[in-house]
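Based on the provided sequences and hints, a complete structural model is requested.
2 protein chains.
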Amino acid sequence: MSLFSFFNKKSSAPTARERLQVLLAHERSTVGHSDLVAKLREEILAVIAKHVQIDNDKVNVKMDRGEKVSTLEVDIEIPLNADVKKDVKAA
Amino acid sequence: MSLFSFFNKKSSAPTARERLQVLLAHERSTVGHSDLVAKLREEILAVIAKHVQIDNDKVNVKMDRGEKVSTLEVDIEIPLNADVKKDVKAA
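Quick mapping for you: the protein sequence lines, in order, are chains A and B.
Each residue of the first sequence is one higher than the one before, starting from 1 at the first, in full-length UniProt numbering.
Each residue of the second sequence is one higher than the one before, starting from 1 at the first, in full-length UniProt numbering.
There could be a bad hint or two in this list.
The list that follows gives simulated cross-link-like pairs (lysine-lysine, DSSO-like), each with its CA atoms no further than 27 Å apart [said to hold, decoys possible]:
no.: 1; chain 1: A; residue 1: LYS68; chain 2: A; residue 2: LYS50
no.: 2; chain 1: B; residue 1: LYS50; chain 2: B; residue 2: LYS68
no.: 3; chain 1: B; residue 1: LYS62; chain 2: A; residue 2: LYS39
no.: 4; chain 1: A; residue 1: LYS62; chain 2: A; residue 2: LYS50
no.: 5; chain 1: A; residue 1: LYS39; chain 2: A; residue 2: LYS62
no.: 6; chain 1: A; residue 1: LYS68; chain 2: B; residue 2: LYS39
no.: 7; chain 1: B; residue 1: LYS39; chain 2: B; residue 2: LYS50
no.: 8; chain 1: B; residue 1: LYS58; chain 2: A; residue 2: LYS58
no.: 9; chain 1: A; residue 1: LYS62; chain 2: B; residue 2: LYS50
no.: 10; chain 1: A; residue 1: LYS62; chain 2: B; residue 2: LYS68
no.: 11; chain 1: A; residue 1: LYS50; chain 2: A; residue 2: LYS39
no.: 12; chain 1: A; residue 1: LYS39; chain 2: B; residue 2: LYS68
no.: 13; chain 1: A; residue 1: LYS68; chain 2: A; residue 2: LYS39
no.: 14; chain 1: A; residue 1: LYS50; chain 2: B; residue 2: LYS68
no.: 15; chain 1: A; residue 1: LYS68; chain 2: B; residue 2: LYS58
Since the hints were derived computationally from the structure, they do not count as laboratory data.
Bear in mind that the values here come from a model prediction, so they are computed numbers and not experimental data.
Structure representation (structure tokens):
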């Protein structure tokens, strides 16, 4: 799936919402940190939620564990009026 | 750029290192949170560094700000012997 194909839809009208997509892929060796993607998932969502007000039912998360590659896809629709948390200090 | 094309190279030999790739794309409306990708960049790197020991010169970060879409690409090579930080509590 090419992330950019998602955004290549030419839309002349100003979009009524914004979209944030995160794609994470972890290529493991035979013996490796197998659950790194699962560990990162919650914390990456938490980082995003610190900066943008998120509506839980507009968040789509897909995880896939292949033989050598684990992937995480997060697709968040951000309504236009979602407030951006101005000066959020990094934890 | 398709993230998965990156991983589709069939390699029979066990890979001598692991790779973590993060792709972030923010489709903005005409007026929107323009620097969301820049804000998320440092914190996502910090989340990853909490879980895996990272060698700074093996981290490749690319940011691109298009008219409607900003993207962040992070490509991290994780040496096999990199220690995984066992039970790291989310902050």
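Given the proposed pairing of LYS62 (chain A) with LYS50 (chain B), does the C-alpha separation stay at or below 27 Å? holds (23 Å)
If you draw a straight line from the CA of LYS68 (chain A) to the CA of LYS50 (chain A), is it 27 Å or shorter? violated (32 Å)
Mind checking the alpha carbons of LYS62 (chain A) and LYS50 (chain A) for me, to see if they're no more than 27 Å apart? holds (21 Å)
27 Å Cα cutoff - pair LYS50 (chain B), LYS68 (chain B): violated (32 Å)
Checking one constraint from the list: CA of LYS39 (chain A) to CA of LYS62 (chain A), max 27 Å. Satisfied? holds (14 Å)
Within a Cα-Cα threshold of 27 Å, do LYS68 (chain A) and LYS39 (chain A) meet the stated pairing? Roughly 17 Å separates the two Cα atoms, so the pair holds.
Sort out whether LYS58 (chain A) lies within 27 Å of LYS58 (chain B), counting only the CA atoms. Answer violated: LYS58 (chain B) to LYS58 (chain A) is near 34 Å, above 27 Å.
Under the criterion that the straight-line Cα-Cα distance not exceed 27 Å, is the pair LYS68 (chain A), LYS39 (chain B) satisfied? violated (31 Å)
Run the distance test for LYS39 (chain B) versus LYS50 (chain B): straight-line Cα separation, threshold 27 Å. Holds, at about 18 Å.
Has the given pair, LYS50 (chain A) with LYS39 (chain A), been kept, meaning a C-alpha gap of at most 27 Å? Given pair LYS50 (chain A), LYS39 (chain A) holds - Cα atoms ~18 Å apart, limit 27 Å.
Is the hinted pair LYS62 (chain A) and LYS68 (chain B) satisfied, with a Cα-Cα distance of at most 27 Å? Holds, at roughly 25 Å.
When you check the alpha-carbon spacing of LYS50 (chain A) and LYS68 (chain B), does it fall within 27 Å? Holds, at roughly 23 Å.
Hint check: violations occur at hints 1, 2, 6, 8, 12; the rest are consistent with the structure.
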